[in-house]
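S.K.: Starting from the given sequences, assemble the full structure and let the hints guide the process.
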Amino acid sequence: MAKKIARVEELETGYDLVFNEPKEYSAELLEFINFERNCCSSFSYALIFEPNNKATHLQIYGSKEIKSEIAKGFKELGLLK
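For the sequence shown, counting from 1, position 55 maps to 55 in my numbering; every step adds exactly one.
Treat the hints as calculated values from the structure; they're not laboratory data. One or more hints might be untrue.
[Said to hold, decoys possible] Derived lysine-lysine pairs resembling BS3-like cross-links, with alpha carbons at most 27 Å apart:
1) K3 to K81
2) K72 to K3
3) K75 to K3
4) K4 to K54
M.R.: Right under this line is the structure:
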């Protein structure tokens with residue numbers, strides 16, 4: 001999944017992962033969210049679909065502490081510097 005991320009945008013309390021994949025990829029993103037909810041139940045998740053299937057956004061967010069935790073994981077994956 002990490003290889004398919006077009007860009008990562010910072011939110012106030014989390015991150016927005018942008019995918020330029022076909023709309024069918026949204027099913028994989030939903031599977032990811034449902035898997036992650038088991039271990040990270042304090043995080044909030046949102047899927048946002050741009051018009052005309054331009055991009056799909058997976059937002060992961062919560063409190064400032066949660067953002068710190070997400071950033072740590074993203075750095076380990078090489079998504080953030």
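S.K.: For each hint, tell me whether it holds in the structure or not.
M.R.: Now for the hints, and whether the structure bears them out:
no. : hint      : result
1   : K3 to K81 : holds, 16 Å
2   : K72 to K3 : holds, 18 Å
3   : K75 to K3 : holds, 14 Å
4   : K4 to K54 : holds, 14 Å
Violated hints are absent here; each numbered hint is respected by the structure.
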